[in-house]
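Protein chains: 2
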Amino acid sequence: MQLDNASVAQLREWESQLTEQYQAILAKKLNLDLTRGKPSAEQLNLSDAMDGLLQGNYIAADGTDTRNYGGLDGLPEAKQLGANIMDVDAANVLVGGNSSLTLMFQVMLTAYQFGLKDSASAWKNEGDVKFLCPVPGYDRHYTVCEQLGIKMINVPMTSTGPDMDVVESFIKADSSIKGMWCVPKYSNPTGVVYSDETVERIAKLGQIASANFRVFWDNAYSVHDLSPNAPKLASILEATRRHGTEDSVVQFASTSKITHAGSGVAFVAASAANLAGFKKFLNSCTIGPDKVNQIRHTRFLPTKDALMAHMGKHAELLNPRFDAVLTALGKAFDGTDLGAWEKPVGGYFVSFDTRKGCAKETVRLAAEAGVKLTPAGATYPYGKDPEDRNIRIAPSVPTVPEVVGAMEVFVTCVKLASVKQQLASLA
Amino acid sequence: MQLDNASVAQLREWESQLTEQYQAILAKKLNLDLTRGKPSAEQLNLSDAMDGLLQGNYIAADGTDTRNYGGLDGLPEAKQLGANIMDVDAANVLVGGNSSLTLMFQVMLTAYQFGLKDSASAWKNEGDVKFLCPVPGYDRHYTVCEQLGIKMINVPMTSTGPDMDVVESFIKADSSIKGMWCVPKYSNPTGVVYSDETVERIAKLGQIASANFRVFWDNAYSVHDLSPNAPKLASILEATRRHGTEDSVVQFASTSKITHAGSGVAFVAASAANLAGFKKFLNSCTIGPDKVNQIRHTRFLPTKDALMAHMGKHAELLNPRFDAVLTALGKAFDGTDLGAWEKPVGGYFVSFDTRKGCAKETVRLAAEAGVKLTPAGATYPYGKDPEDRNIRIAPSVPTVPEVVGAMEVFVTCVKLASVKQQLASLA
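The listed protein sequences derive, respectively, from chains A and B. Each number in my numbering comes from the position in the first sequence (counting from 1) with 26 added on. Each number in my numbering comes from the position in the second sequence (counting from 1) with 26 added on.
Calculated directly from the structure, the hints in this document are not laboratory data. These figures come from a predicted structure and were not determined experimentally. Take every hint as true, because none was put in to throw you off.
Remember, identical chains collapse to one label, so a pair may be satisfied in a single copy or spanning two.
Computed list of lysine-lysine pairs in BS3-like fashion (alpha-carbon distance at most 30 angstroms, straight line):
1) K305 x K150
2) K305 x K398
3) K410 x K305
4) K143 x K410
5) K156 x K306
Looking at chain A on its own, in the form it has when it is part of the complex:
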């Protein structure tokens, strides 16, 4: 199928065939869901042994009784778990509660309202504050900015990460830009891994950006490989050390898609100065994190090898689901002008770009046919995809046959929406 050069007659014929296919799907009264970027019950089962693991031993390696108050920045062994996940030094890690999103909010609140360095460094002192958002991206990042009144600027994603020419020119032109969101490995939703050159250029942004610039490096999928030959993400921490910009990046991760989602442990990795500023804030709002849950996690995943073996089991469950999505997309759209997508080898999503102006209609058609997709636009700041193209596909929760069934609906809806729109544009 090539719509751009198709005649009206050809388009009409396709429209008629696709409408027939779509009607047949409607008759099936499906109820499938590709919206949720969360682990399946089978994946969660992998960590059920955590309950009861402590066997009455609540004492950490350094003698800390994890059952009592204190320890604002986490147990040493929990810092090491964070270091294993994020590929950083344990000394740079602070261990939080159950949510990396909460840590991101708290660090951004600190930077905006109180200052990560001191009160003079607070972004709010400078009036307008803007953040660069590689798009498509993660809607919860945007919500954090919106809550704090930080304006968001779209930056296009490429197959090697954010378009760094655009990033650098924005930053040089506008000193109110105080940071950028990044999901550097298996980016949500495109699945892209930032190239070494991209990581290098991001590490150097601190040299050209205005004071108190911070990259929020959400390494949510750092160990979420679908293959043992996974691409390796360059170390942003090492790169910033080389360039003297260590304070310009704050990293985040959690065990939410490693053990039990929402009942895990979250981490910040940052320079000593950033950690000190953040801990000053934390001290105003907590006595300390849940250390029992920390020790439960460190006993369950005591080494990097144990961690990677555990992630291998997730991959076994996720791989056939990703295969089902990518096979369906390839079969339907290879060699066509109906859409574009990356082929992720990790993470939780496949991101599909329709022809201009077809995403909303595709999502609507799929919903009517009983297949829920993430709302079109959700992957853009303010929910506004300026070209109405991007759709996020999340295949982890449904069974493989369900993914296959949902993708049949999806490709039909993409085709039908595309053909109708092309016909309308020629009318």
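Knowing the structure of chain A, use the given hints to seat chain B on it.
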């Protein structure tokens, strides 16, 4: 001992005797600690069975898989646990993470920065914001206000709660007062339980206060009775309903001093409007709380009876420690003019008021003699006890013989500091 009427010669004699006693204590090279308002290891043991309790059953009563994301305001059975602790309806409860202090910070941040009702209701719109702080009180409450730049005004505590005449006159005179901290049962540190009249008058503050006034009702010790005949705290929720002021109070509690401190579950109880405003904020910074820990707690403490039976075991461990403190104080100071104290029948503290200007010196003398006390002034906003009188005694962690030993030192230091100061004042 009555210092006010004592002659200089008598004071000199006492000084000499007390100095001798103090020197004897110094020679013992003690190392005791009365600073920490946290459970002892024995108390923590009471909840060790929580680990392994789930036996592979992670499904909540309503079918929720607690191992996965979601459920911003908590499981129904966890709301009921909160309701059992706080003596409110489950419908008014939101279940948070491990820390009620974090919930207090978040609710105050929401009220200050974003508005609990809407953005127009944010306190920051009104310039100066002030909070009433019954003193002595809890230092972590003051830190929250300080972090947000909210000015604190001292209100004296009485044996029935905050001095309500003072509270009401402040509120009538100053519309920038936006709330008040309260620890209504076994107040930190005085151990006082607010009288029915105090609760009633606090419930009516919403009628005389300026818009968006909120009492922060930190019911941290609601079930922490030392006796089965514990005093009953009147229901502030019911009282506010009667007076049409339900939005003017937000309540907090946690299981931190019920199960494992810092690894428990925290709760907010509030009106539907306040909960809606707070959830809007929460949605910007978390996917949801740790529901596995919630279900772990609800299985461990499934009913109010189970909860109270569990608290009875805490009381068995705490009672001899409180007895040791109160016996020592009574023996040393009954009938003297050296100090005043309440006799708490619950909570974690005994609060002792020295003669004016003697608290710091008492704490210093005790520290030199190897007995750590909470720094004098810590129970006041900005760390400033204007009369330098209050000292917080926390007897839960040391053994009973240690409490006895520490109190011997304490009373000697109080006496020595008092006599020296009286001598100086006569010089």
